[in-house]
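Construct the entire structure; sequences and hints are all you get.
There are 2 protein chains.
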Amino acid sequence: MTPPRFAPIPAALPATVPFVGPEEIQRRQGRDFDARIGANENGFGPSPHALRAMQAELPRLWQYGDSSSHDLVQALSAHLAVPARHITVGEGVDGLLGNLVRLMIGPGDPVVTSDGAYPTFNYHVAGFGGVLHKVPYRNDAEDPAALVEQAHRTGARLVYLANPDNPMGSWHKARTVQAMLDDLPQGTLLVLDEAYVEFAPADAVPQIAPDDPRVIRMRTFSKAYGLAGARIGYAFGHPDLIVGFDRIRNHFGVNRVAQAGALAALQDRAHLAEVQAHVAAARDRLAAIAAANGMTALPSATNFVAIDTGRDGDFARALVAALEDRGIFVRMPGVAPLNRCIRISCAPAPELDILADRLPQVLSRL
Amino acid sequence: MTPPRFAPIPAALPATVPFVGPEEIQRRQGRDFDARIGANENGFGPSPHALRAMQAELPRLWQYGDSSSHDLVQALSAHLAVPARHITVGEGVDGLLGNLVRLMIGPGDPVVTSDGAYPTFNYHVAGFGGVLHKVPYRNDAEDPAALVEQAHRTGARLVYLANPDNPMGSWHKARTVQAMLDDLPQGTLLVLDEAYVEFAPADAVPQIAPDDPRVIRMRTFSKAYGLAGARIGYAFGHPDLIVGFDRIRNHFGVNRVAQAGALAALQDRAHLAEVQAHVAAARDRLAAIAAANGMTALPSATNFVAIDTGRDGDFARALVAALEDRGIFVRMPGVAPLNRCIRISCAPAPELDILADRLPQVLSRL
Chain A
1 MTPPRFAPIP
11 AALPATVPFV
21 GPEEIQRRQG
31 RDFDARIGAN
41 ENGFGPSPHA
51 LRAMQAELPR
61 LWQYGDSSSH
71 DLVQALSAHL
81 AVPARHITVG
91 EGVDGLLGNL
101 VRLMIGPGDP
111 VVTSDGAYPT
121 FNYHVAGFGG
131 VLHKVPYRND
141 AEDPAALVEQ
151 AHRTGARLVY
161 LANPDNPMGS
171 WHKARTVQAM
181 LDDLPQGTLL
191 VLDEAYVEFA
201 PADAVPQIAP
211 DDPRVIRMRT
221 FSKAYGLAGA
231 RIGYAFGHPD
241 LIVGFDRIRN
251 HFGVNRVAQA
261 GALAALQDRA
271 HLAEVQAHVA
281 AARDRLAAIA
291 AANGMTALPS
301 ATNFVAIDTG
311 RDGDFARALV
321 AALEDRGIFV
331 RMPGVAPLNR
341 CIRISCAPAP
351 ELDILADRLP
361 QVLSRL
Chain B
1 MTPPRFAPIP
11 AALPATVPFV
21 GPEEIQRRQG
31 RDFDARIGAN
41 ENGFGPSPHA
51 LRAMQAELPR
61 LWQYGDSSSH
71 DLVQALSAHL
81 AVPARHITVG
91 EGVDGLLGNL
101 VRLMIGPGDP
111 VVTSDGAYPT
121 FNYHVAGFGG
131 VLHKVPYRND
141 AEDPAALVEQ
151 AHRTGARLVY
161 LANPDNPMGS
171 WHKARTVQAM
181 LDDLPQGTLL
191 VLDEAYVEFA
201 PADAVPQIAP
211 DDPRVIRMRT
221 FSKAYGLAGA
231 RIGYAFGHPD
241 LIVGFDRIRN
251 HFGVNRVAQA
261 GALAALQDRA
271 HLAEVQAHVA
281 AARDRLAAIA
291 AANGMTALPS
301 ATNFVAIDTG
311 RDGDFARALV
321 AALEDRGIFV
331 RMPGVAPLNR
341 CIRISCAPAP
351 ELDILADRLP
361 QVLSRL
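One line per chain: the protein sequences are A and B, in this order. Residue numbers for the first sequence follow the UniProt record's numbering, so the first one is 1 and each next one is one higher. Residue numbers for the second sequence follow the UniProt record's numbering, so the first one is 1 and each next one is one higher.
Hints were generated in silico from the structure; no laboratory data involved. A few of these clues could be false.
Identical chains blur together in the list; that is why a pair holds if it fits in one copy or across any two.
[To be verified] Think about it this way: if two alpha-carbon atoms lie no more than 25 Å apart in a straight line, the pair counts; the simulated SDA-like pairs of lysine to any residue are: (1) 134 / 251; (2) 134 / 106; (3) 134 / 5; (4) 134 / 182; (5) 134 / 68; (6) 173 / 278.
Below, the structure is given as structure tokens:
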């Protein structure tokens, strides 16, 4: 029997996956985590209105979802003050990034990102044959000047910037992002991943004209809106770019219940404000826990905190593994020097209590 | 401002979409359909156990779904009597077909299908630069001999066969499909779309060794299990092929509630049997409605019936449009001679009553 003949691009891909999920680790360990604070999920949960809307939609789940997510797009249009034709809804930022890369990148096309930034973007770029050119972080933040310079040097078609950043939680001011647009080469598209934007200060959110063809912005219902498992997010940008998604996307790919939940979640501003307050308090608590254990929390504009262990990547890796052994799921950045940190998600008090309780013991044994 | 520079393959794609959804038509018409019987959705609905499982999972929707759909894969393994490493779960057959084509087809690679078969497969083949070679239906069924012959002539990497077939509802015996495998060129993969298999007679379901590298089979929870809006299905085949999906799929792309619903649905054999009985009765009812209106229902092994109008495509198109105007959503095959038919989904009695009531008036005015 001959092995399957994959097409050239997938044939050359490694079999690795961007992330090992917490369920996978639980199965290996033979028990569940007591604190699931590693994937930047939002344990404060979705809006009760969203839960009710989704429950009400379940009996209609025999129907395919609306292929254009019309009602959600209309609501997003009002929310963003951007015309509907500038917006596309997709299966989370992961799905939208995959479709964007597919739309823009052919074999050998250069793409610029930061070394240590979101691995799933890199997974998609490699998955469509693009060539990644990485620049280092600078002061634990993505480095706009270096990204722009690398874009000029390589003729990049896409430049990725997460603002706020994952995995470090750092952020840039709006004017810095706007200046990037002016400095990028003609024809380079800035992929502005704003998955954590609802946790960022207002002056980190750039005002960009809806017709600006130099940028596409991506946002999600997975983080602030607490719907990670629903797989729904959106992108907005120039209509000529947005309409391109219709050439390749799975038109009936967005779950019907997710559409109903996202619409209700978007409209519950009070719940969002509560989540934002809870997250801010949890960031402070995480900083206090870090300090009590001789470590330093980095400033964060997200729903997680990168905690500088003051040691190296080997130490941080051992710490993450030891926390896993003690029932606590956290993650860490993948490359030096970011990997001196561990990354812990904001969560309700009981899970942070577990962390506060067990972290000293875990550290004392390392 | 320059237009976006799409990669060569998407740049050459048309802006068309495989299907216009019923919500889209409703918005154009300014009112909802009274009978939604056009998309082969299952109006008998999902298992009550599945609904309860999904409702119970909603509060955990802040968590990403299990990236390997482990529990569902284990249950499918038992259900299919196939080891788990032969199975991958994805975002419905549409999502799985997209990933399969991406995995196997590069620019210019030949792919064989039937002229009038599932358009979304063709959409994916074009979407990855493949070249479609179509053969005609024969007696309103896909023609295995012609598909095999075309595969030899073109050196096709993929050959698509839906058994039972959409849009005609026809089917082949298991031995015919098995014989196809033996007759295909070395290295050609049969894509066996079994989305409607639960409605087919037992002797239409081939026994194929799990290690057979010549075929990949795809099934869904959208049809018999009534979960179209959940976006969840599965593929099974040789593990060397199945593991390839891990190189390109969105690892956290399957909705968490969908996983819970699919697992519960799979285990409710009694509900499936009820649906099968309802569908069989609805097929008979549709045949009677067709006959009462001077038309002929074709035999069907699916949850829909192709009804031969006895006229041509222009007539059928006018009939579909007139039914839409009267609040009834149906579809029709896209190419001659199949397009002398309209395609109506099995549905609960109230919707078929509406059809029975309005069809004579609609026909009398054409």
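Could you tell me which of the hints above the structure violates, numbers in ascending order? Violated hint (a single one): 5; every other hint is consistent with the structure.
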